[in-house]
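Chains A and B, in that order, are what the protein sequence lines are. Just so you know, the first sequence maps onto residues 342 to 758 in our numbering. Just so you know, the second sequence maps onto residues 342 to 758 in our numbering.
Just so you know, the hints here were simulated from the structure itself, not pulled from any lab data. One thing to keep in mind: the hints can contain errors.
[As the list claims (entries may be wrong)] Some residues of chain B that are not near chain A, with every Cβ distance over 10 Å (derived):
hint	residue
1	D431
2	T432
3	G460
4	E650
5	A653
6	K657
7	E663
8	M728
9	G746
[Claimed, not checked] Simulated pairs of lysine-lysine, DSS-like, Cα-Cα distance not exceeding 27 Å:
hint	chain 1	residue 1	chain 2	residue 2
10	A	K574	B	K659
11	B	K657	A	K489
12	A	K724	A	K742
Cβ atoms here follow ideal geometry from the backbone N, Cα and C, with glycine treated the same way.
Chain residues, written in single-letter form:
Number of protein chains: 2
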Amino acid sequence: MPDTTADPIANIAEFNFLDGVKVVDFTQFEAGTTCTEALAWCGADVVKIENPKLGDPGRRLRPGLPDDDPYYFHVFNANKKSIAVNMKSDTGLNLVKDMIRGADVMVENFAPGTIERLGLSYDVVKEINPGIIYAQIKGFGEGSPYEKNLSFDMIAQAAGGTFSVTGEPDGPPMRPGISIGDTGTGMVMAMTIASALYRRRETGEGHRLQVAMQDAIMHYMRTNFATTGRTGKAAGRAGSKIAGSQSAPKGLFPCAPGGPNDFVYISTSAANEEHWNRLLRVVGREDLIGNERYGSPRARAEHEPEVDEIVAKWTKTKTKFEAMELIGKEGIPIGPVLDTMELNNDVTFEQRGIMQTMIHPVHKPFKMPTWPVRVDGRPTRLKSSPMLGQHTDDVLRDWLKLDGGAVEKLKADGAVK
Amino acid sequence: MPDTTADPIANIAEFNFLDGVKVVDFTQFEAGTTCTEALAWCGADVVKIENPKLGDPGRRLRPGLPDDDPYYFHVFNANKKSIAVNMKSDTGLNLVKDMIRGADVMVENFAPGTIERLGLSYDVVKEINPGIIYAQIKGFGEGSPYEKNLSFDMIAQAAGGTFSVTGEPDGPPMRPGISIGDTGTGMVMAMTIASALYRRRETGEGHRLQVAMQDAIMHYMRTNFATTGRTGKAAGRAGSKIAGSQSAPKGLFPCAPGGPNDFVYISTSAANEEHWNRLLRVVGREDLIGNERYGSPRARAEHEPEVDEIVAKWTKTKTKFEAMELIGKEGIPIGPVLDTMELNNDVTFEQRGIMQTMIHPVHKPFKMPTWPVRVDGRPTRLKSSPMLGQHTDDVLRDWLKLDGGAVEKLKADGAVK
Numbered sequence: 342m343p344d345t346t347a348d349p350i351a352n353i354a355e356f357n358f359l360d361g362v363k364v365v366d367f368t369q370f371e372a373g374t375t376c377t378e379a380l381a382w383c384g385a386d387v388v389k390i391e392n393p394k395l396g397d398p399g400r401r402l403r404p405g406l407p408d409d410d411p412y413y414f415h416v417f418n419a420n421k422k423s424i425a426v427n428m429k430s431d432t433g434l435n436l437v438k439d440m441i442r443g444a445d446v447m448v449e450n451f452a453p454g455t456i457e458r459l460g461l462s463y464d465v466v467k468e469i470n471p472g473i474i475y476a477q478i479k480g481f482g483e484g485s486p487y488e489k490n491l492s493f494d495m496i497a498q499a500a501g502g503t504f505s506v507t508g509e510p511d512g513p514p515m516r517p518g519i520s521i522g523d524t525g526t527g528m529v530m531a532m533t534i535a536s537a538l539y540r541r542r543e544t545g546e547g548h549r550l551q552v553a554m555q556d557a558i559m560h561y562m563r564t565n566f567a568t569t570g571r572t573g574k575a576a577g578r579a580g581s582k583i584a585g586s587q588s589a590p591k592g593l594f595p596c597a598p599g600g601p602n603d604f605v606y607i608s609t610s611a612a613n614e615e616h617w618n619r620l621l622r623v624v625g626r627e628d629l630i631g632n633e634r635y636g637s638p639r640a641r642a643e644h645e646p647e648v649d650e651i652v653a654k655w656t657k658t659k660t661k662f663e664a665m666e667l668i669g670k671e672g673i674p675i676g677p678v679l680d681t682m683e684l685n686n687d688v689t690f691e692q693r694g695i696m697q698t699m700i701h702p703v704h705k706p707f708k709m710p711t712w713p714v715r716v717d718g719r720p721t722r723l724k725s726s727p728m729l730g731q732h733t734d735d736v737l738r739d740w741l742k743l744d745g746g747a748v749e750k751l752k753a754d755g756a757v758k
Numbered sequence: 342m343p344d345t346t347a348d349p350i351a352n353i354a355e356f357n358f359l360d361g362v363k364v365v366d367f368t369q370f371e372a373g374t375t376c377t378e379a380l381a382w383c384g385a386d387v388v389k390i391e392n393p394k395l396g397d398p399g400r401r402l403r404p405g406l407p408d409d410d411p412y413y414f415h416v417f418n419a420n421k422k423s424i425a426v427n428m429k430s431d432t433g434l435n436l437v438k439d440m441i442r443g444a445d446v447m448v449e450n451f452a453p454g455t456i457e458r459l460g461l462s463y464d465v466v467k468e469i470n471p472g473i474i475y476a477q478i479k480g481f482g483e484g485s486p487y488e489k490n491l492s493f494d495m496i497a498q499a500a501g502g503t504f505s506v507t508g509e510p511d512g513p514p515m516r517p518g519i520s521i522g523d524t525g526t527g528m529v530m531a532m533t534i535a536s537a538l539y540r541r542r543e544t545g546e547g548h549r550l551q552v553a554m555q556d557a558i559m560h561y562m563r564t565n566f567a568t569t570g571r572t573g574k575a576a577g578r579a580g581s582k583i584a585g586s587q588s589a590p591k592g593l594f595p596c597a598p599g600g601p602n603d604f605v606y607i608s609t610s611a612a613n614e615e616h617w618n619r620l621l622r623v624v625g626r627e628d629l630i631g632n633e634r635y636g637s638p639r640a641r642a643e644h645e646p647e648v649d650e651i652v653a654k655w656t657k658t659k660t661k662f663e664a665m666e667l668i669g670k671e672g673i674p675i676g677p678v679l680d681t682m683e684l685n686n687d688v689t690f691e692q693r694g695i696m697q698t699m700i701h702p703v704h705k706p707f708k709m710p711t712w713p714v715r716v717d718g719r720p721t722r723l724k725s726s727p728m729l730g731q732h733t734d735d736v737l738r739d740w741l742k743l744d745g746g747a748v749e750k751l752k753a754d755g756a757v758k
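Sequences are here, hints too, so could you generate the full structure?
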């Protein structure tokens, strides 16, 4: 019988899809780190190359000591290793080149021009290892008028279009509250790398992959570009409604006790008239069933404020969880607005392994979302983000076959830490 | 010399990373279709199995004739094939099972319970093909209290947390204007499938993969969960600002001539004090260089409204493109807020192959975003979304080796169309 006491998630796995894939990881902050973390969740051996002084700047987004805000670093660097190398020393740079020689993938998201200045341009790297998948993530694309500009998530989201479709119809553009410019970009790159690795098993050929955050965001905005195709106009803002939707009720409805996130989203379908009739029964307005004023999706859309008020009058008397229960069981699409604390406190995510607790050598335990895909019913295991240089010895031994004496000498020389 | 007249993008490629991978595609709307489209962009042979009457409901989101709003379908089904099969006939269902027998991947995102009712549960499918990667996308996870509920992008985003972090600090939660609940979920599944295929080259083993939109969204919200780790509170809303940011200026600034999307996002770094000094020069306020009131990131954050006004007074006199040019060239991170029409009209995206025009057998040409990753400097080619049943003959011939007579008989029997 398996010992389930040691592990709160009895059914946990360690995905081995990318077992044996070696990734030299120069990424920092979020877009690049998301890409290599996705590879790590799927089983790749991902080694962060960090400068011995401060490492990935994502380790110290907040002023103060290094690692004073470890959470930001944790969420983007789970399941990775770290080696601290001084790449400004010839010995350090050569060590990294030795790692590249034996690697399958290299990923970087430095500012434009930086990797070349470090001496690891694609031309150099493919000489060392012609079979490597060399992946680069930038803010703006090569050939864009802004290709040399710096970018961060907010800038890429503004320039990629998400601000323009978020916010109230008569208000200014607004930032979506998630860093999709970073995480979304990392994900398309991870998908491309995994596909390239599949092909490479046959051909052994390396490739240079490049993605820009602005371009990746446009990919995630295909729905909005479809709207432009249909209307010939810019896709607009519609608050929490869907612009141009031809049915109602569809939108946010306020719930008791009226806290900042006490709302449910209800989305009756234009294709299923029963949604409306069932909803009328739930909210105690059977008297309106068959009333022509609200008798079709289009008629309800025309009288949307009235329709919304009919529903809101009832939702305000229920908590979002009660509303979810009572409306959801009638087969009407509904979801509560949940905040990160509510999601954090919902034990069902832990029971399913969607949220797991990171046990770190130094920092306190931290619960965070893991890779969301189950394989044969099992989640993959969360492992700690690395301390700066935590795996220097291990990696030099396992990747480069250096013995303890050689490693000590490298440390004494200041090439690694 | 290559013939560049035939192709507006001289340097275009057709990614072959997943060449030879056969995907039986039951997906509809956005989340599932994004997953299989990602596989298709990377070279897989993706065949949509559609019912002969109306096909993927994504073909007819708007009332009226089928295909009256083809754009929505186009953007999620580029580079795929379509076969129209009546799965309610035994012959039709057996044909699909024959396709599954020779396939590498099967993907579905039906409502909970539907694929089982169609007779293609995992237990059935793995009997037919033990080596298949069987992928399922649902709204809520297996084991969630809501596992039987229907979901759409808006519902998944509400329940996954994005609404709770979008909007003004004192306003209601708000929907981010992009369908990240759908497209983001499809992307993590595509990444997992590609990784599973990599491993399968060695083992031949099949797997069941499952992802829920709510769970996938939480993954994309890792930054916000990091905030909760740090503060012990729910991550909040901050309009277009970053909640708890400790530097300024950082945010949206209004530009001439004052249209709904005439704004730039400027993000000076707390780690680079020169950003502020250079910005003062650009906006003609050299007199404030060294002024202690604004002399550190934290001091500026304390006087943020004043700091924003200093910058806005200048940005209001420039268009967003002028501001981008003048501020960007000083190395200060900045991006214009662009809408889908502006992005659509910017020819540099076409020149780089990021946007391409779909030439469809019936519908008018349509420009849309393509897969954003370049391989060896080249974008992949956009091919048309399929008409319903467009490839019935081709697929029956290529996948099942049926000759013309056999196909005619299937059509006469009403099994395919």
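Classify the label on B:A653 as holds or violated, using whether its beta-carbon is more than 10 Å from each beta-carbon of chain A. It holds; B:A653 is separated from chain A by about 12 Å at its closest Cβ, greater than 10 Å.
Hint check: B:K657 vs A:K489, CA-CA at most 27 Å. Holds or violated? With Cα atoms ~25 Å apart, B:K657 and A:K489 stay inside 27 Å; holds.
Can we confirm that no CB of chain A comes within 10 Å of the CB of B:G746? Non-interface label stands for B:G746: nearest chain A Cβ at 36 Å, farther than 10 Å.
For a C-alpha distance cap of 27 Å, please report whether A:K574 and B:K659 respect it. holds (24 Å)
Claimed clearance of chain A by B:T432, with the beta carbon kept past 10 Å: Since the minimum Cβ distance to chain A is about 28 Å, B:T432 lies beyond 10 Å and the statement holds.
Could you let me know if the closest chain A CB is still more than 10 Å away from the CB of B:D431? holds (28 Å)
Taking 10 Å as the cut and beta carbons as the points, is B:E650 off the interface with chain A? The assertion about B:E650 holds, with a minimum of 16 Å to chain A.
Outside-interface status for B:M728 - nearest CB in chain A farther than 10 Å: holds (17 Å)
Is B:G460 truly not at the interface, in the sense that its beta carbon sits beyond 10 Å from all beta carbons of chain A? Since the minimum Cβ distance to chain A is about 21 Å, B:G460 lies beyond 10 Å and the statement holds.
Distance restraint between A:K724 and A:K742, which requires alpha-carbon spacing of 27 Å or less: holds (24 Å)
Beyond 10 Å from each Cβ of chain A, as asserted for B:K657: Correct as stated: the minimum Cβ-Cβ distance to chain A is 13 Å, above 10 Å.
Against chain A, does B:E663 hold up as non-interface, every C-beta pair farther apart than 10 Å? For B:E663, whose nearest Cβ neighbour in chain A is about 13 Å away, the distance exceeds 10 Å, so it holds.
Hint check: no violations occur; every hint is consistent with the structure.
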